[in-house]
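Trainee: Chains as they are written, first to last, in this note's numbering: chain A, 1 to 152; chain B, 1 to 152; chain C, 1 to 152.
Worth flagging that the hints you see were computed from the coordinates, not collected in a lab.
Treat the hints with caution; some may be incorrect.
Given that identical chains are not distinguished, each listed pair holds provided it fits within a single copy or across any two copies.
Stated by the list, open to error - No farther apart than 35 Å at their CA atoms in a straight line, the calculated lysine-lysine pairs in the DSBU-like style are these:
id : residue 1 : residue 2
1  : K37       : K59
2  : K37       : K26
3  : K59       : K26
4  : K37       : K53
Since we're looking at a predicted model, the values are computed, not measured.
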Amino acid sequence: MAGSPYSLENDTFAALMLHGCIVLVKMMALALYTTTKRFANNSFVSSEDVLNKDRESRKEALVANENVERVRRCHLNDMENIYVFLLMALLYIGTNPSYGTALLLFRVFSVSRILHTIVYLNAVPQPARSITFMAGYGVCCYMAFCIMTSVL
Amino acid sequence: MAGSPYSLENDTFAALMLHGCIVLVKMMALALYTTTKRFANNSFVSSEDVLNKDRESRKEALVANENVERVRRCHLNDMENIYVFLLMALLYIGTNPSYGTALLLFRVFSVSRILHTIVYLNAVPQPARSITFMAGYGVCCYMAFCIMTSVL
Amino acid sequence: MAGSPYSLENDTFAALMLHGCIVLVKMMALALYTTTKRFANNSFVSSEDVLNKDRESRKEALVANENVERVRRCHLNDMENIYVFLLMALLYIGTNPSYGTALLLFRVFSVSRILHTIVYLNAVPQPARSITFMAGYGVCCYMAFCIMTSVL
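This is chain A alone, in the form it adopts within the complex (with noise of 0.2 Å):
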């Protein structure tokens, strides 16, 4: 290939903008998620957040709460793997995998990932989160792997 992978020329590349995509607009919906629990169970962080006007119940207010705190730590494992993943694969471009490879790679990943996040934000019995978990962290070790190889 002659120049620089990185077009929408290129199927890969093409890929890549697609499940990267896919897998931002995930975490930034559980983003909004996390606001919405807040209200809902009325726990915040920050005092000007809170809508109670007396001390007490803003003190309440103040305390924090198992599901919002749940939707928090599924959040920052996504910011622990997805951006692992953006980056790894856009170094991993420009390798020049061939297209099949790579869109397997990205289409295990992605659905790991939603998979990831059903499977905890549900509270569902282990071994099912490690599991998911595991299948993306694959992909960013076989990223890895290839990377290395090209390069030395």
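Use these hints to put chains B and C onto chain A, whose structure you have.
Mentor: Below, chains B and C alone, put in the same frame as chain A:
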């Protein structure tokens, strides 16, 4: 446009380089500001950071302080939004957007995040923070929409 | 240089692929290490992760443990710095920096973050952690400066 849009010769990419750099530098400033706040309030998390010698005051210095926690929440919110913006924008450039639209989006995002930080750190009453947050969030939503329609 | 600098044929980009991959793999290792520490200290956050059956010991397993929290803080610090580095470096490549300078920057950053992790996890007395942090931070500042001067 022939070849890849990821080059300084592409004005849209140059605009992303500038605005991406601005918001990343803003984040880096916040990281240092956290350290300043930790010393000002004598509030640390890791025991090796505490300067006090005697046992009682060491314990006190390991208690969370709201002034420090506010900066940390602001920093965490940046991680949830600025990274999403930059990764989304890198994919968005691949759709060869018009220079005017892209520049407007990048400017709105940069300004919204700078205002968000000012509003958050000074605990300005709501809905100031929600508005600055939603402006940046809207930019990411629009870019996601453009990527989806361009790829599909 | 004709065309885009984002290609394996550009030695500077190949260097980023290698060093970016190294620091991302380091982060991924830390994620797994957190899980190891959780089991070793029997300290979890989500109730479905606790293996204990009776109520009392389940409660105990949901208390935060300093050994686990230290690894998590180290991971969070990585998210605050490694993502910034990688995104900044991707923009920096667009300025067509000289190979020697870029390689030096990438090497300093990778080494500084690996040392930072070792120092953090072993609670080495300060200023060890501050120094390793500032080395990586300085690299990002320098790249930001180069991007700004190149674009403006």
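Trainee: It remains to establish, for every hint, whether it holds in the given structure.
Mentor: Verification of the hints:
1. Proximity of K37 to K59 under the C-alpha cut-off of 35 Å is found in both arrangements, the shortest distances being 18 Å within a copy and 24 Å between copies.
2. Within a single copy, K37 and K26 get their C-alpha atoms as close as 16 Å, and across copies as close as 29 Å, so both meet the 35 Å cut-off.
3. Taking the closest pair of Cα atoms, K59 and K26 come within 35 Å of each other both inside a single copy (32 Å) and across two copies (32 Å).
4. For the homomeric pair K37 and K53, the shortest alpha-carbon distances inside one copy (20 Å) and between copies (29 Å) are both at most 35 Å.
Checked against the numbered hints above, the structure violates none of them.
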